[in-house]
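Start from chain E and add chain B according to the hints.
There are 2 protein chains.
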Amino acid sequence: MANKPVRFGILGAAKIARKVCRAIADAPNATLSAIGSRSVEKASKFASDNGLSAEVKIYGSYEAVVDDPEIDAVYVPLPTSLHLRWAVVAAKKKKHLLLEKPVALNVAEFDEIAAACEGNGVQFMDGTMWMHHPRTPKISQFLSDADQFGQLKMVNSIYTYAADSEFIANDIRIKPDLDGLGALGDVGWYCIRSILFAADFQLPTTVLALPNPVLNESDVILSCGSSLFWDDGKVATFHCSFLSNLTMDTTAIGTNGTLNLNDFVIPYDEKEAYFFTSSKSRFNELATGWKPVSSKHVVPTELSQEARMVGEFSRLVKEIKEKGSKPEKKWPSISRKTQLVIDAVKASLDRGSKVVEVGQ
Amino acid sequence: MANKPVRFGILGAAKIARKVCRAIADAPNATLSAIGSRSVEKASKFASDNGLSAEVKIYGSYEAVVDDPEIDAVYVPLPTSLHLRWAVVAAKKKKHLLLEKPVALNVAEFDEIAAACEGNGVQFMDGTMWMHHPRTPKISQFLSDADQFGQLKMVNSIYTYAADSEFIANDIRIKPDLDGLGALGDVGWYCIRSILFAADFQLPTTVLALPNPVLNESDVILSCGSSLFWDDGKVATFHCSFLSNLTMDTTAIGTNGTLNLNDFVIPYDEKEAYFFTSSKSRFNELATGWKPVSSKHVVPTELSQEARMVGEFSRLVKEIKEKGSKPEKKWPSISRKTQLVIDAVKASLDRGSKVVEVGQ
Numbered sequence: 001m002a003n004k005p006v007r008f009g010i011l012g013a014a015k016i017a018r019k020v021c022r023a024i025a026d027a028p029n030a031t032l033s034a035i036g037s038r039s040v041e042k043a044s045k046f047a048s049d050n051g052l053s054a055e056v057k058i059y060g061s062y063e064a065v066v067d068d069p070e071i072d073a074v075y076v077p078l079p080t081s082l083h084l085r086w087a088v089v090a091a092k093k094k095k096h097l098l099l100e101k102p103v104a105l106n107v108a109e110f111d112e113i114a115a116a117c118e119g120n121g122v123q124f125m126d127g128t129m130w131m132h133h134p135r136t137p138k139i140s141q142f143l144s145d146a147d148q149f150g151q152l153k154m155v156n157s158i159y160t161y162a163a164d165s166e167f168i169a170n171d172i173r174i175k176p177d178l179d180g181l182g183a184l185g186d187v188g189w190y191c192i193r194s195i196l197f198a199a200d201f202q203l204p205t206t207v208l209a210l211p212n213p214v215l216n217e218s219d220v221i222l223s224c225g226s227s228l229f230w231d232d233g234k235v236a237t238f239h240c241s242f243l244s245n246l247t248m249d250t251t252a253i254g255t256n257g258t259l260n261l262n263d264f265v266i267p268y269d270e271k272e273a274y275f276f277t278s279s280k281s282r283f284n285e286l287a288t289g290w291k292p293v294s295s296k297h298v299v300p301t302e303l304s305q306e307a308r309m310v311g312e313f314s315r316l317v318k319e320i321k322e323k324g325s326k327p328e329k330k331w332p333s334i335s336r337k338t339q340l341v342i343d344a345v346k347a348s349l350d351r352g353s354k355v356v357e358v359g360q
Numbered sequence: 001m002a003n004k005p006v007r008f009g010i011l012g013a014a015k016i017a018r019k020v021c022r023a024i025a026d027a028p029n030a031t032l033s034a035i036g037s038r039s040v041e042k043a044s045k046f047a048s049d050n051g052l053s054a055e056v057k058i059y060g061s062y063e064a065v066v067d068d069p070e071i072d073a074v075y076v077p078l079p080t081s082l083h084l085r086w087a088v089v090a091a092k093k094k095k096h097l098l099l100e101k102p103v104a105l106n107v108a109e110f111d112e113i114a115a116a117c118e119g120n121g122v123q124f125m126d127g128t129m130w131m132h133h134p135r136t137p138k139i140s141q142f143l144s145d146a147d148q149f150g151q152l153k154m155v156n157s158i159y160t161y162a163a164d165s166e167f168i169a170n171d172i173r174i175k176p177d178l179d180g181l182g183a184l185g186d187v188g189w190y191c192i193r194s195i196l197f198a199a200d201f202q203l204p205t206t207v208l209a210l211p212n213p214v215l216n217e218s219d220v221i222l223s224c225g226s227s228l229f230w231d232d233g234k235v236a237t238f239h240c241s242f243l244s245n246l247t248m249d250t251t252a253i254g255t256n257g258t259l260n261l262n263d264f265v266i267p268y269d270e271k272e273a274y275f276f277t278s279s280k281s282r283f284n285e286l287a288t289g290w291k292p293v294s295s296k297h298v299v300p301t302e303l304s305q306e307a308r309m310v311g312e313f314s315r316l317v318k319e320i321k322e323k324g325s326k327p328e329k330k331w332p333s334i335s336r337k338t339q340l341v342i343d344a345v346k347a348s349l350d351r352g353s354k355v356v357e358v359g360q
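Residue numbers (this note's numbering), protein chains in the order written: chain E, 1 to 360; chain B, 1 to 360.
For the record, the hints were derived by calculation from the structure and aren't laboratory data.
It is possible that some hints are incorrect.
Note: identical chains are not told apart, hence a pair may lie in one copy or across any two.
Derived DSS-like pairs: lysine-lysine, alpha-carbon spacing no greater than 25 Å straight-line [claimed, not checked]: (1) 291 <-> 271; (2) 280 <-> 15; (3) 296 <-> 271; (4) 291 <-> 15; (5) 323 <-> 138; (6) 57 <-> 92; (7) 92 <-> 330.
Next up, chain E with everything else stripped away, as it sits in the complex:
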């Protein structure tokens, strides 16, 4: 039994599902059992486009996937507005849940999802892949080093990409009935997660969304920014946009050290990622140069971050299935905190950039 892989079903034939299909194939403890889409034709096309094994079951509905007793877990990359419904249905059918981000339209919806998972004893995890790259714990180690990094004072995070005109006109991520959070949910999610990660997941007390967000004609966010504040004086800012060249920068500054990342969500190179740190940086005697300068740290990885995500999720599922363990609460807790900040930023934007308290 210990060698039985976790059997996955995928709900929806989204583009991101292609990447997760490969990740399920690469993860040693997972296997893809079924793909369900709104029609058998769409699901079949996805299967053939992605060279899926003939053993993968093709379903013409999402129901069929969650009803399949031979499936242990579902990966749900559906539009955000559909998360609540399908996540809850899946949990009630005792399917462990790997849910794409943003996890919900707001934290009230997420709490229903989390309650359904908890009530049915299934593992919840969101699809924030970079959390699982081996670079991430290395960075954590630096950020928690009281001597080399010190006390966190400031984080800035940017995630932008230049969507083409087809995306701006038709993508689900700019449709108010599908992904009402727009760029804030799609890429701002990652900025907020990186900020919370740097802050050791301590929630900010307040946020102030920056004025002048760019909205489309349906008032969906195409570009926005925000600042975040903690009671101990820490501050953070982020900027997320569909309207600028692909950029992924996170800078975290402590009293003694600085972290720089330029590809925090998806590393430039799948096989090795790097990050830059500097500690106790000073100028030389005449202030004509630095000593020390920043150092580059390279972190190779055999498995992609998404395969590691599937692997960690499957490990937890197997612990529950095979050893009767309880679901790991760290993952829904982190998702919830990210959603709480999203909600506060959205509320601040909706109130014309007033300071808003972050919920608990």
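Quick look at chain B alone, frame taken from chain E:
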């Protein structure tokens, strides 16, 4: 006459003056003629500490320097609150003026300085050294490339350093009667300049200082941030602080390209500086990596950026002295714009983070 170097006098024995002494020695068209401090002892000590030639005149007052008819230009690294007085006196004595930043406590003061310079036909330039590094025009070229960079959408700039307890207690940069602008004037100046540089010196329309700045007991800024807004939708943010590890990041993002700098004010290495650009960045087919990734551009320099600053200033002075040219207006114009933004950020902070229009 064409080979006669510009004769400099320095007002004040500030630490930064040591670096500029060396720059004057290195610049081929400049020579140090005099150093004046509040006492002959202080000026003598500065001269011996810095191995100045015996030909450099030692004065026990600032007046003596500006009164010396054998001096063409003065470099003024005095505390900001003294700029107005001494800059105007120097201009009236027909001394060309290289003035440290921030140029004044506010733009009204700066306008008096600029008027005195214009009325007396002397060149004005502020001490923002990085403007003169050969890296700067290379970056300009990238930012103005409509294909490779496109239209500017966002700039983020950070300049922080970890001041020691002696600085926090006693440095002139945190004394309200000496440098009332604190970190905003000392390091925020550079952030604002880098943002204006990226925006081709187009002023933002409004600014919103971020809430919760850190002030000392005399209400001088130790750490603050701000956002800036242009009518065409461009946005910028900056963070400046005396309370965090030395960090100097500027990121500028256009519709087609991204610029990253990690040492924008003082390059890590005096002999060569670099910057990173990326253009039309995309993910690969499965979004498991980037193509293209960012490119590193290395710009060597024979002369330090401060020697190049002194050289360019001296070239302009010689044009005026030897050819009857008019002073170059670009430099006071850029200083004034930087000060206008400083003033707006300070006003926004003073009004509890209200949106403030930038003056003209």
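Hints, one by one, checked against the model:
1. 291 <-> 271: between (31 Å within a copy, 14 Å between copies)
2. 280 <-> 15: between (44 Å within a copy, 21 Å between copies)
3. 296 <-> 271: Cα proximity of residue 296 and residue 271: in one copy and across copies (16 Å, 20 Å).
4. 291 <-> 15: between (46 Å within a copy, 18 Å between copies)
5. 323 <-> 138: This pair counts as neither: shortest intra-copy Cα distance 30 Å, inter-copy 61 Å.
6. 57 <-> 92: within (21 Å within a copy, 88 Å between copies)
7. 92 <-> 330: Answer is within; shortest intra-copy Cα gap is 21 Å, inter-copy 69 Å.
Going down the numbered hints, you'll see the structure goes against just number 5.
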